[in-house]
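Residue-level listing of the chains:
Number of protein chains: 4
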Amino acid sequence: MNKSLRICMIGAGRVGKLHSGTLSRFIPEADVIAIVDPATKILNETADHFEIPERYVSLEDALEASDFDAVVITTPTFTHKKLAVLAANAGKHIFLEKPMALNLEECDEISQAADQNQILIQLGFMRRFDPEFTAAKSRIEAGEIGEPMMVKSLTNGPGLPPAWANDLKTSNGMLAEVNSHDWDCTRWLMNSDPYRVYVETANFKGEDRGVATEHFYDNVMVNIKFVSGSLGCISGICPCDYGYDARVEVTGTKGVMQIGEMKGQAIIVCTNRDQGLITPIYRTWPQRFAWAYLHEMDHFINCIIEDKQPKVSADDGRWAVAGVLAGTRSFLEERPVLMHEILEENHG
Amino acid sequence: MNKSLRICMIGAGRVGKLHSGTLSRFIPEADVIAIVDPATKILNETADHFEIPERYVSLEDALEASDFDAVVITTPTFTHKKLAVLAANAGKHIFLEKPMALNLEECDEISQAADQNQILIQLGFMRRFDPEFTAAKSRIEAGEIGEPMMVKSLTNGPGLPPAWANDLKTSNGMLAEVNSHDWDCTRWLMNSDPYRVYVETANFKGEDRGVATEHFYDNVMVNIKFVSGSLGCISGICPCDYGYDARVEVTGTKGVMQIGEMKGQAIIVCTNRDQGLITPIYRTWPQRFAWAYLHEMDHFINCIIEDKQPKVSADDGRWAVAGVLAGTRSFLEERPVLMHEILEENHG
Amino acid sequence: MNKSLRICMIGAGRVGKLHSGTLSRFIPEADVIAIVDPATKILNETADHFEIPERYVSLEDALEASDFDAVVITTPTFTHKKLAVLAANAGKHIFLEKPMALNLEECDEISQAADQNQILIQLGFMRRFDPEFTAAKSRIEAGEIGEPMMVKSLTNGPGLPPAWANDLKTSNGMLAEVNSHDWDCTRWLMNSDPYRVYVETANFKGEDRGVATEHFYDNVMVNIKFVSGSLGCISGICPCDYGYDARVEVTGTKGVMQIGEMKGQAIIVCTNRDQGLITPIYRTWPQRFAWAYLHEMDHFINCIIEDKQPKVSADDGRWAVAGVLAGTRSFLEERPVLMHEILEENHG
Amino acid sequence: MNKSLRICMIGAGRVGKLHSGTLSRFIPEADVIAIVDPATKILNETADHFEIPERYVSLEDALEASDFDAVVITTPTFTHKKLAVLAANAGKHIFLEKPMALNLEECDEISQAADQNQILIQLGFMRRFDPEFTAAKSRIEAGEIGEPMMVKSLTNGPGLPPAWANDLKTSNGMLAEVNSHDWDCTRWLMNSDPYRVYVETANFKGEDRGVATEHFYDNVMVNIKFVSGSLGCISGICPCDYGYDARVEVTGTKGVMQIGEMKGQAIIVCTNRDQGLITPIYRTWPQRFAWAYLHEMDHFINCIIEDKQPKVSADDGRWAVAGVLAGTRSFLEERPVLMHEILEENHG
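Protein chains in written order, with the numbering used here: chain A, 1 to 348; chain B, 1 to 348; chain C, 1 to 348; chain D, 1 to 348.
Derived from the structure by calculation, the hints contain no laboratory data.
Errors might be hidden in some of the hints.
Unchecked claim - Below, in silico cross-link-like pairs of lysine-lysine (DSSO-like), each with a Cα-Cα straight-line distance of 27 Å or less:
1) C:K263 / B:K263
2) C:K17 / C:K81
3) B:K263 / D:K82
4) C:K41 / C:K17
5) C:K137 / C:K41
6) B:K81 / B:K137
7) D:K169 / A:K263
8) B:K263 / C:K169
9) A:K263 / B:K169
10) D:K254 / B:K263
11) A:K263 / D:K17
12) B:K254 / D:K311
13) B:K82 / B:K137
14) A:K137 / C:K263
15) B:K263 / D:K137
16) D:K311 / D:K17
17) D:K82 / D:K169
18) C:K81 / C:K41
19) C:K81 / C:K169
20) C:K263 / C:K137
21) D:K254 / A:K254
22) C:K263 / A:K263
23) C:K169 / A:K263
24) A:K82 / A:K311
25) B:K137 / D:K254
26) D:K263 / C:K263
27) C:K263 / A:K254
If you're wondering where the values come from, they're calculated on a predicted model, not measured in any experiment.
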């Protein structure tokens, strides 16, 4: 316990705050000693709130002035590659938020830097640490529902993502920013890679919310054929306004399994029989995945301490990016896209 | 099927309408040919609605002028004994709503008249015909939860009962009018008679609703020790305003069983994450026990046709009345009351 | 009530029995006076069970020998066109099970015969009469969840369909036999016609169950773009073995609505904490849609009596067939199919 | 954060382990530096597991040899008074598990020692820190369900308690060891003290489990009248074998509120339609109240650091003991017992 790991947060926004809080509050083995963000107002706000002593406006500054063991990268997607490669080359272990990067070339650059410098890299797919998802995965692997035949995974988020996340130039849109988790967890739960992808999108709220970005969509429906022959559906709605909603249903040759629910708390109230029973819904992802965020960070720190490979690898991050790219091409070209098209052109 | 049974409804109020509708609509073997009610307005209204040809203001008139096989008695409790004895002595089979009568002497008079005239009598404990309650009873009898140790049964009704139902002179109050079903179904599910009863009551809404009746209560909590040694709790709230709520929980040596739920329909809606998920509640007892009302009437008609004893007997009705009397004495005298006190003084 | 409608059942199998039971048991205005089935064993079995006096091995015989007002057609899909046209030309009103027919030409022949003979035709989409689905439709139309953006509808059936239903020559397979209801209810709930369809299929159990039919599939995943711009997902698994499962989820601009659930009865039991809580699942479609089957037949009979157009029309049946044809072409040709391709070639 | 509080655990058993884990793992401000238990095997086992450096067989030894700020007392009830008074007189803050003590005199001795030495004392009613219970309390206080009229609270525990906990000489039995939480949370949620108590007990499993203790019971049903006029029911079953079950239902003048559920995880599986849907149940109290145990210990440590009175006081502990004493007298003397009888004789 006395050998504390020193952590530098890269990104002081919402997710940066979430992980700073988890590390400070729940992980005795880790000390958050520095934080980096070019936006000094939020930098100081987050640093003050979590009593983080060192503050920097760039990772370069932090690397020069400070000493730490690992970084936690929570900045926008288009910055991931540069930051992760920089950190890897400086020998820092990396916790990297999803989506891993904008394309497979960037993913590969990150992985190569990590390999060359022998540092650990863990992707931010926290669902793999959620008690419900992990129990479900174990039970599926134990054969409880037989061979998986079909999976449906949805993620609906309450609010409009930031502008950069809706622009295909700085992100890959909702399929990446919101549904990366679904790309990862369907592949993980089905124990098979996607083979072919077809996507439809819709834009119902963009105009009212002032989003004029080309190809913007707030509804997406993905049809997946897996290599195993099984079928999948990923859907996303963002902003959905009504709450944070993440549910998965897997049907196997022997039966069906539902993972997660909308209900956010076991309180039921009725005060009006014309209205009915009312139960809280999960309002936000930090609320829904409270344990998962704790466990994933705990896992990252423990992997460093015990020099073990994290359960969620750069390769998992790369697969999610590949799915996103295939899906995006599908709706742009209005046709099913084979994963091979995406995977092979990136290995040229 | 061509030998239709001729039925005379006695009582044209809410329950009279319910059973008239069931018989007309769903029981091809029965013809509702007459209806009796001293209140001519509601008599004609109900008769018109269900196209009942003969209308009478008294059972005596009906017996004299018409010809029928059975009666369905849904009038206020204080009229049950006189009407049931009259019908029995005229050789009519009797479907008698709960509570059976005001006291055990009246119950015994009804039973004796039924026996002497060899007519069938079925009490209106429709829960015994509800698909959930009957499945639960079968599973308990099959030993699924072991030996029953504890039962909790609640009935909360939305609206204020009529004045006669709140007056201990014309009824036995909520314990009888609302909770008769709980007295019956706890004894049935536990397969044991009550041994000792203790009751607390409260009056929260009486004043606001203009009820000045002595001993009026709108909340009741009953503690029961059964002959088998098992324990029970009956509670009632009326008016509860929020819906119609009837749920039972039985715990046995091997496990627990919940019967019924508040949810009235499998529709869940969320349009506001500050409010949460909304599901319809059962609004009324006809909605909650739709199948049960159909099945109980079907059973009554079939018992007549096939000359079989109904599953819910006058003796079951008498036990519910005995429980009500013990409970009422308990809260009036602020002490536990042995069922023997009630049962023996009535056999004097 | 005395003017009973005379009904002739065409088809004495599972669905024929279901509707015979409903008509005999719950619809006083209808008399099932005849039944037709070429398989005399099941013909007599069903006729005996429901006390149907007249029995015929062909509709032609029935039309010649008997007199009735309406037919209820529950035979295999490939027989629908011939039987429906025959009945229509004889002036009989028609309740026709789904799917309406094998293709749009057949649908049009049926509709034309109905129009020419001025008879009523109602399609067997009983979900439109289910209390949950009808409440949901009303609430969506009232704007409760805003403009519908996305729908997911699944139907999983427990057992392997009969051989004819798996053969694209005599049926259109699972998409038609199982998922016709989803084609209809997504279009109905979304209040928009499908615009483009993409389908993936899988075959996991065929070999073990001895199905060697070409193109057989037991898993299907449909991606729909509606004319309104909204998105849809239909999925089906048959045989799924675990129960009968039919659930829909609609998300609109204002919120989400779930319709239906797997739970078949409000009984929860726990006798083993390593196993957990156990609740009955719907085992079969007659159990899940008990009220719906009653209400749809009631509606059909009432429409005849009151000379009103049924709420579920031949046009609704035709749209479901069109969706099935587009979906089938999609998975055979591995591409998205525009509904126009299907609709226009059939109007040549 | 650098000013770590030094904690001495008193008791190395199940609850001692739970709190040691919480403090070590989740409360950075607290250091568990010592542990006391006369049973050296479990003392060393627990100390080793949580890396607690100092080990003592008595509190006296610990006080003499070590230096710490607070104690966490998790030993059997009959030791509470002596240990708490000793700790208080040494100026140590006290976290004291429920039940507070064997009788009101002991409670008063503890409170007086705490007052005289100006140390903080917090009782182990963790439900007051559970996210569901705290949300429910806030919503009730905000008037959401109106004035509370009725409360039902149950606690069923899976396994047989240790021998001392079943003996009225060393404990007050199940009413104290299991249902202390219900005594506390009903009074808290109803915002009223109990006025009169009536209790029935049953013994179904004692003989099979080898419990020959006089007055042993494994089922209890408590009927409460509160000073406010509202009604309450507390029930307990231990061992219930089927899981850990703690649920509360409060009905007010405006509506009903359910707090907690049996479901332990949002995973639903069905692999057999004859069996049905299966969902995990809470297996143990640490699982059900995981967040509550964390939050209550966090609160205790923060109260010390910020010199604030804990939200759960010695007076709350005393009220729960008073309820237990009234309940025990009720079933021994087979009569309702006024709380005044208990409260006044202890102030003589």
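Where does the structure disagree with the numbered hints, that is, which hint numbers, in rising order? Numbers 3, 5, 6, 7, 8, 9, 11, 12, 13, 21, 23, 25 - these are the hints that the structure violates, sorted from lowest upward.
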